[in-house]
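Participant: Below, each chain spelled out in residue letters.
2 protein chains.
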Amino acid sequence: MENRCEAPIGVFDSGVGGLTVAREIMRNIPNERIIYFGDTARVPYGSKSKDTVLRYSRQIIRFLRTQDVKAIVVACNTASAYALEEIKKELDIPIIGVVKPGARVAGKATKNGKIGIIGTEATVNSGIYTEFIQAQNPDIQVLGKACPLFVPLVEEGWLKDSVTAEVAGRYLDSLMEQGIDTLILGCTHYPLLRSLLRDIVGEGVTLVNPAYETARELKELLKREHLENPCTGDCEAERYKFYVSDLAEKFKEFANSILPFDIEMTRQINIEEY
Amino acid sequence: MENRCEAPIGVFDSGVGGLTVAREIMRNIPNERIIYFGDTARVPYGSKSKDTVLRYSRQIIRFLRTQDVKAIVVACNTASAYALEEIKKELDIPIIGVVKPGARVAGKATKNGKIGIIGTEATVNSGIYTEFIQAQNPDIQVLGKACPLFVPLVEEGWLKDSVTAEVAGRYLDSLMEQGIDTLILGCTHYPLLRSLLRDIVGEGVTLVNPAYETARELKELLKREHLENPCTGDCEAERYKFYVSDLAEKFKEFANSILPFDIEMTRQINIEEY
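Protein sequence lines, in the order shown, are assigned to chains A and B.
In terms of the numbering used here, the first sequence opens at residue 7 and continues consecutively.
In terms of the numbering used here, the second sequence opens at residue 7 and continues consecutively.
It should be emphasised that the hints constitute simulated quantities derived from the structure, not laboratory data.
Take these hints with a grain of salt, some might be off.
Since the list gives no way to pick one copy over another, a pair counts as held whenever it fits inside one copy or between any two copies.
Simulated crosslink set (EDC-like; lysine to aspartate or glutamate; CA at most 20 Å straight-line) [to be verified]:
id : residue 1 : residue 2
1  : K56       : E278
2  : K258      : E127
3  : K56       : E259
4  : K256      : E127
Please read all numbers here as calculations on a predicted model, not as lab measurements.
Build the full structure now, drawing on both the sequences and the hints.
Facilitator: If you want it as structure tokens, here you go:
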């Protein structure tokens, strides 16, 4: 079993956003090796259909299996919302997404029973956060709002900007009016807007970052399944590997601005072949 | 030859934006049949690499050939910039893009020899507008500016909005300061922002819409190659057919808001199979 434990965790996302999840895994479970895949040739997923996101996710999982991963983290909210439940049935290794951990913490955090969830059109329209939260407590009201401009604003680098603040104000207006006390950042790019969103919602609203909760859940899962990496071998040798379907250099630059260390290499593959 | 003349024109884009080009073709050459393909499963192209855009374009052309098209219009600025020259060598039917027609008109329109070009990161960084304009007149100065937020703002429907005006002001600021007298709307979504852009640049700047020029060039091309549709048969029978790689219903709604008539049907195909 020891070899199995030393196998890497597969982490995937539609692009660079899932690095915020990978970062939390690196912080929380530093012993674990990671194979990250970002689907930069087909990004974004948030405006695409369930069938398409499911087909893309299956291709990525076929690729990750070639890398002999011991568990998979779907680091993309849209893929977690649209594909995880289907894919789980087809796999013989553990797989978790970012939605359930985020929903669980939000359900515990709310005091007035009003939770807001912001994300892509796909994530919000799927209603999956509502489903998971109300499975814990059917009395909780969940209010969703798609924020399609947030990802391009983050990618433009306008993280603390008057335009972004104006857009955020419009998006959050109705949620705030309805008195939410908890807000789920339901897209991997949104934690990068955390301080701007904090200014808009004020100190009275708890911000939930599913990335952080997912890393914690992964840690527990590995323990429960006896899959923790004992790190008896050479843990430093290429502990983290990064693959993308397009623009490896651009990905590396973005990754180096998010991760607490510099990536040396990113490899590009043709994901349509999987 | 008559059968060949009655064959449709293939028009493709990364998504819905190319409908602004299809619309101009419909207006200018109403006799012609059109097969439109929008790559909604992999949209956008503007932030992707040349190799990826070329691979996608080749797949789409293989699909269009199955529909027996007599000529092809690359209705996407990014694909015109990155893929057209390569693809042209591989084809035995005429193909045109939107860049050359736009560049030609802009070159004629400028009086002070300073042209601005706005578009996706890919289109602007490719330098292809500059190349085509300076081939006409090497003394013309071409100033490019990528405007990555324009497409999401258009898709959000914020066409006449203070946020969009603020963003546009920032993007155009340096071009205006440098005194351009002509501005190429180098992305198929941008004509939808025409009136907002007009307010920002004022009456003194000529706005060039490559969609319009492309339709005119296509008309001349068909005449020159003796490929005009004489419309002796039943020209009304499904004159326009629409195919997408994802979200056919959503595409139909958007198309119906842009085109001067209602689309009846949009078909979805798996473009990765071509």
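Participant: Hints first: check each against the structure and report whether it holds.
Facilitator: Here's how the hints hold up against the structure:
In this homomeric assembly, K56 and E278 come within 20 Å of each other (Cα to Cα) both inside a single copy, at 18 Å, and across copies, at 17 Å. For the homomeric pair K258 and E127, the shortest alpha-carbon distance between copies (18 Å) is at most 20 Å, but the shortest distance inside one copy (27 Å) is not. For the homomeric pair K56 and E259, the shortest alpha-carbon distance between copies (18 Å) is at most 20 Å, but the shortest distance inside one copy (30 Å) is not. In this assembly of identical chains, the alpha carbons of K256 and E127 lie at most 20 Å apart only when taken from different copies (12 Å versus 26 Å within one copy).
Against the hints set out earlier in the document, no violation occurs for any number.
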